[in-house]
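Line by line, the protein sequences are chains B and F. Heads up: the first sequence at position 156 corresponds to 156 in the numbering used here, and the numbers run straight through without jumps. Heads up: the second sequence at position 79 corresponds to 79 in the numbering used here, and the numbers run straight through without jumps.
Take these hints with a grain of salt, some might be off.
Here are the simulated DSS-like cross-link-like pairs (lysine-lysine), alpha carbons at most 25 angstroms apart as the crow flies [as the list claims (entries may be wrong)]:
{"#": "1", "chain 1": "F", "residue 1": "K138", "chain 2": "B", "residue 2": "K400"}
{"#": "2", "chain 1": "B", "residue 1": "K400", "chain 2": "F", "residue 2": "K52"}
{"#": "3", "chain 1": "F", "residue 1": "K52", "chain 2": "F", "residue 2": "K172"}
Since the hints were made in silico from the structure, they are not lab data.
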Amino acid sequence: MDRVAAILGFQWRAYWRRFHRAGNLTTNNAGVWILFGGIAVFRYLQLLPRVSTQFAHGETARYEALLIGVFFVWMFPVMGESWRSIGSRALLHTPLTPRELFCIRLGSVFVSPVTWVIVACSLALGYPLARAPNPVAGMIALVLFLLFSLAMSLTIAHVLSSAVMRKLLLGTMVVVCILVGALWLTKRAPGFSWWPNRLAADAAVRANAFGSIVALAALTIAAFGASFWTFKSGLQYVASRRSQRFTVLGLIHFPGRLGGLLKKDLRYVIRLLDVYFAFPIVILFVIYLASNPEPSAAVFRVVLIILFLPWISMTSNSFGLDTPLGLDRYSLFPLRGCDILLSKNLAFALILMLLVGAVFPLAFWRFGPGTAVLGLIAVVLMALAYLSWGNWMSVRDPYKMQFYRFSAGGSPADAIMGMLFGSIPGLIMIYSGTLWTTLLLMLVYSALYYFSVTRSGRRFEQQREDIRQALS
Amino acid sequence: MVELRGLTRKFGEFVAVNNLRLQVSQGTIFGFLGPNGAGKSTTVKMLTGILKPSAGDALIDGLSIQTSPLEIKQKIGVLPEDLALFDSLTIWEHLKMCGAIYGLRNSETETRAEQLLNYLDLWTDRHTFVEQSSYGMKKKCALAMALIHNPKVLFLDEPFEGIDPVTSRNIKDLLVVMSNKGITVFLTSHILEVVERLVHSFAVIVRGELACCQTMEETLASGRTLEDLYFQYVERRQVEGFEWIG
Chain B
1 MDRVAAILGF QWRAYWRRFH RAGNLTTNNA GVWILFGGIA VFRYLQLLPR VSTQFAHGET
61 ARYEALLIGV FFVWMFPVMG ESWRSIGSRA LLHTPLTPRE LFCIRLGSVF VSPVTWVIVA
121 CSLALGYPLA RAPNPVAGMI ALVLFLLFSL AMSLTIAHVL SSAVMRKLLL GTMVVVCILV
181 GALWLTKRAP GFSWWPNRLA ADAAVRANAF GSIVALAALT IAAFGASFWT FKSGLQYVAS
241 RRSQRFTVLG LIHFPGRLGG LLKKDLRYVI RLLDVYFAFP IVILFVIYLA SNPEPSAAVF
301 RVVLIILFLP WISMTSNSFG LDTPLGLDRY SLFPLRGCDI LLSKNLAFAL ILMLLVGAVF
361 PLAFWRFGPG TAVLGLIAVV LMALAYLSWG NWMSVRDPYK MQFYRFSAGG SPADAIMGML
421 FGSIPGLIMI YSGTLWTTLL LMLVYSALYY FSVTRSGRRF EQQREDIRQA LS
Chain F
1 MVELRGLTRK FGEFVAVNNL RLQVSQGTIF GFLGPNGAGK STTVKMLTGI LKPSAGDALI
61 DGLSIQTSPL EIKQKIGVLP EDLALFDSLT IWEHLKMCGA IYGLRNSETE TRAEQLLNYL
121 DLWTDRHTFV EQSSYGMKKK CALAMALIHN PKVLFLDEPF EGIDPVTSRN IKDLLVVMSN
181 KGITVFLTSH ILEVVERLVH SFAVIVRGEL ACCQTMEETL ASGRTLEDLY FQYVERRQVE
241 GFEWIG
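When you get a sec, could you build the whole thing from the sequences and use the hints?
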């Protein structure tokens, strides 16, 4: 374990060196994150006394909801890990066993202070547990639940690193979405008693707490087993891979000067997890349109606005998935900055067309041509608005993102502003979709987009070295 | 064809390249030599548009790198130090992308790409993703990208490092053919034996400053080898104090 401790020591040193090098709170939006994180923690702490009161009455609904939140929050330090300086792959040539490598992987999660804030907030759930009928059992179950969350986050992160497992996970998610959608629409959603959050709550209030703890312990051990197995498989896969893979995108030829870049950018877009939040929205809405006897046009318009929200990090940080080497290649090509931005915008537009293409034939059938065409115009306007905002932000405040991870590091304030700005044309179209309004909006947002892409393109050329620095 | 006019690059207080002045005429194979950290790659990066000079200028085919960067990029081919490839594209897709960007017709791109990849022994691996390729394969891919649009000036940063002997020989033969057809080749390398046999003229840069610039003919006429001349400007240490080895 000395070797593991030594490497973790250097991991710690490298992290804090990078942290200090940042210099001030404006770098990587640290100040904004601290502000928003502080508000979230404050709000969370305010909820704890209410959970405590519920416990006193033997109720656990709020506690279970908070545990679900805690479970998802644990995913962020594990999956938004662009801060990890020494990756497992870089250690493959050293005489470390897979178990030691896994320990380093696990220990690295705790290098970030964000993780320690999450640990403290998670353990703060012990306060309401003090008023539960079985406080000790509840606390043991809580710790097990937190370990389970950590192990599941690690497993998901490892699964996402393997192409085959990623496809399996995506397929499973689509099937689950369809099933949940169908069950929800037919109002036959079952209540599972084996959910880990339910088990943790049961341990705190039920007479038979032992059974819940044993079940939770079994789930935690299984989760850690899965995380170790997926980690080990990932290492072996990396060591042996060399293939000429068949891909659908490989068969498609995009014409024009930017065709090759567009193909590359499409591959980048589909590798950011944030955008996959749009898929369940589309699937559920398609089920709603197909099965509801009287679907609402208002819901249709609102869904169109919601459909854009997961794209904010992609559109506002177009260079986030590029490497410094990729930026060097852009510099070598005889291309202007606006050409490069345009290829990134086209990649976004193509994926959007695919998503919208699944919705609009049904919308046309259920709502008639008028509503469908107005919806389509709203989509075009919102796309222009999101891209206008996004191009500006992409060169103003770039930050590094990683494939198959959630984007982390952008300013939440900027993201909220971007969502509001991007949704404005959609909201105007909902409340006043007249011909003149539509024409005026088309004119304004087309001009705005043109101005954004040319101006941001020029700024990209001027600030290329700064952007390269921000992404390295 | 390539003219450096007081080219300078600073990183904060550190001067990586200082007031570099030299000329390379058309059809010349020019070797740009120096120890690690001397400023070779920084100079190539400035000439190819990756880095902006802090001061000075350079002309390539009569065009200034400060005022006509896009026109210059259309005329040059570059094998950069770090190869600058996109992991999510295959070798074939890289060449197709390049052809389109430089304005070649699709059929023309495919014909040239096939010829280049066959010559560089990369044809059977053309559908391999770059992220799964070996270093040598990546280097050959980057080299093919530098050549596909028939550049007037070729900048090659360490072209023979990590390349197998057969391909290395093929590249040398190709460079000689290109030079005979009037294409200027500006290359950096640490392999002095190769440079000695290949280049027409060379320069040695030490700590960002030009230490020496002459033709290969002048060097050989003085009765010295390139290595002799190189070590005249670049210090080397003796092996001593390694008793613990072995």
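**OP:** Please name the hints from earlier in the document that this structure breaks, with their numbers sorted from lowest to highest.
**Re:** 3
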